[in-house]
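Colleague: Residues per chain, in single letters:
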Amino acid sequence: MEILELTALELGNCIRKGEIAVEEALDAVLSRIADREKELHCYITVSEKQAKEQAEILQRKIKNKELTGPLAGVPFAVKDNICTKGMMTTCGSKILNGFVPDYDAECVRRLREAGALLIGKTNLDEFGMGSTTETSYFGPTVNPVRDGYCAGGSSGGSAAAVAAGECFCALGTDTGGSVRLPASHCGVVGMKPAYGAVSRYGIAAYASSLEQAGPLAKDVRDCAAMLTVISGKDCRDSTSGAGEKVDFLEGLTGEIVGLRIGIPKAWFADGLQEDVRSTVLTAAESLRRMGASVEEFELKHTEYVVPAYYTIASAEASSNLERYDGVKYGFRAPGENLNAMYRRTRSEGFGAEVKRRILLGTFVLSEGYYDAYYLRALKVRRLICDAFSEAFSSYDLILGPVAPSPAPRLGESLKEPLKMYMSDLYTVPANLAGLPAISLPASCSGDGLPIGVQLIGRLGGEKRLLNAAYALEQSRKSERKSEQI
Amino acid sequence: MAEGEKMRNGAGCSDAACGSSPESRKNFSAKNTIDDSVIKSVCALAQLELSQEECVRVRKDLEEMLDFTAQLGIPDLEGTEPLYSVYPAENVFREDEVTNPDRSSEYLCCAPSQRDGMYRVPGTLVQEL
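Protein chains in written order, with my numbering: chain P, 1 to 485; chain E, 1 to 129.
No false leads were slipped in.
Calculated cross-link-like contacts (lysine-lysine; reagent style PhoX-like; alpha-carbon spacing at most 25 Å):
(1) P/Lys-17 <-> P/Lys-65
(2) P/Lys-419 <-> P/Lys-300
(3) E/Lys-60 <-> P/Lys-415
(4) P/Lys-94 <-> P/Lys-38
(5) P/Lys-419 <-> E/Lys-60
(6) P/Lys-379 <-> P/Lys-300
To be clear, the hints were calculated from the coordinates, so they are not data collected in a lab.
With these hints in hand, go ahead and build the complete structure from the sequences.
Modeller: What follows is the structure, encoded as structure tokens:
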């Protein structure tokens with residue numbers, strides 16, 4: 001089998017058995033990058049020299065049994081809003097172009113400690129603000145499945161890199177769907193863990209109460225393996241959860257008899273493309289055949305999720321991005337005095353979408369408007385959380401689309417920002433409520449573009465969520481094998 | 001004072017002033033709220049300066065987005081507490097002891113300009129040209 005066709009866990013297994021060397025796996029990835037990267041632009045930085053040096057070290061440690069974990073020696077990539085020691089971290093922005101952190105984010109540190117091999121930093125919408133990876137200062141990422149189409153965003157570079165074989169797995173961040181949406185558009189698996197499951201230490205903050213780092217990978221088992229490594233309490237992130245370390249690979253049996261799954265009726269309103277609708281309904285049928293009960297239900301307050309999300313996220317962004325002022329790091333524009341320097345640095349350093357969200361966020365937090373916008377959005381957030389709590393009293397999981405349609409053409413979405421925001425309708429609820437959610441490939445559109453489905457679990461329900469996703473994935477694999485026969 | 005006038009005067013928009021009924025909140029338009037003085041004030045708070053062209057575009061974008069978010073005015077939120085974070089937020093305390101080494105010189109390496117171990121920036125009180 002071609003090395004690049006292996007999953008991360010399969011590769012890790014081959015490396016541990018001595019069947020494939022770490023350097024071989026790295027060479028295969030670098031060769032693929034040389035072939036396709038110019039066309040796809042998944043990466044902002046590829047650290048070939050560092051990766052080759054590290055590959056030698058890892059090979060020795062694996063041979064000596066100093067590293068025995070399932071991801072040891074596996075090449076992975078990291079979204080460029082996550083700090084990596086000695087490797088440029090730009091957040092896809094001019095304002096951080098050239099910035100090199102002197103520390104690893106905790107999720108990166110844990111993957112490196114487990115022996116995974118970091119090869120580079122992937123492209124993203126600037127500061128994670130976008131759904132198409134087109135707002136990056138460094139240019140857009142192209143969907144590897146079909147030229148001329150978006151990879152989704154904001155973790156589009158990570159999703160595209162996994163889909164194109166330019167890495168075996170990757171880290172992204174999900175504030176309003178930014179792991180799940182590009183995963184769906186590129187035909188890979190992407191997971192947003194529950195809020196607090198993974199430390200946010202070292203992740204450039206966009207909306208601190210909404211975002212989580214999450215894995216993007218070729219299959220559910222790879223996602224589970226990555227989550228096992230990166231999750232768990234970190235004393236440097238006071239919002240990271242307490243509790244023992246969990247092995248998320250354990251319990252991936254595919255057994256889902258008796259599982260109760262709900263599909264929100266409101267998610268099937270006008271605007272949902274027919275092939276996406278039929279994909280979700282087909283997934284529901286597969287789950288039923290495997291013994292789960294699946295039915296529609298009324299999920300309250302769905303009409304408020306997007307306005308609540310954008311009000312809260314923009315408010316938090318306007319606060320978080322205040323730190324980019326040209327004083328301590330990054331880009332600095334000249335100014336006659338300090339205030340002029342601040343204004344020009346930020347105005348020249350940020351792109352249009354970032355400025356739009358900062359201004360909206362500043363407005364809703366300002367005197368006279370705070371109560372009517374921001375405070376109301378927070379109260380509506382509680383209503384939305386309560387609606388999900390009510391749903392989870394009757395159901396174990398929620399099934400739905402990831403996006404109203406497959407990947408749009410490059411350039412289409414930026415003309416109508418509000419329409420782009422509405423495409424987050426199915427993903428932002430999990431962020432508002434802090435719930436774990438996963439997107440997995442389920443079908444293709446008539447144009448050959450991947451379509452994913454989404455499962456959402458209750459707080460603390462990652463294992464059940466991953467198992468159901470695994471069951472659905474295995475069921476689809478069997479169906480495709482039967483079709484081929 | 002009419003509600004539209006309150007907004008145009010920059011008097012802000014309290015929860016009540018945005019309309020006391022779901023119907024009036026539904027009909028709220030941000031065109032009454034976003035004028036040049038609001039844009040100027042928000043830009044000053046955000047430490048951003050916009051070109052004339054950007055101002056026109058931003059005003060239109062903000063109006064659209066605020067009209068969109070005005071839907072949040074519809075549900076009855078009497079007695080509902082705001083939810084700032086799904087994770088119970090508690091202050092984290094530790095002993096007041098230095099546990100990390102002094103790495104200030106390493107941090108200064110990232111700075112656009114530094115001198116004598118300090119970040120160097122333009123003066124605060126210098127007049128703009």
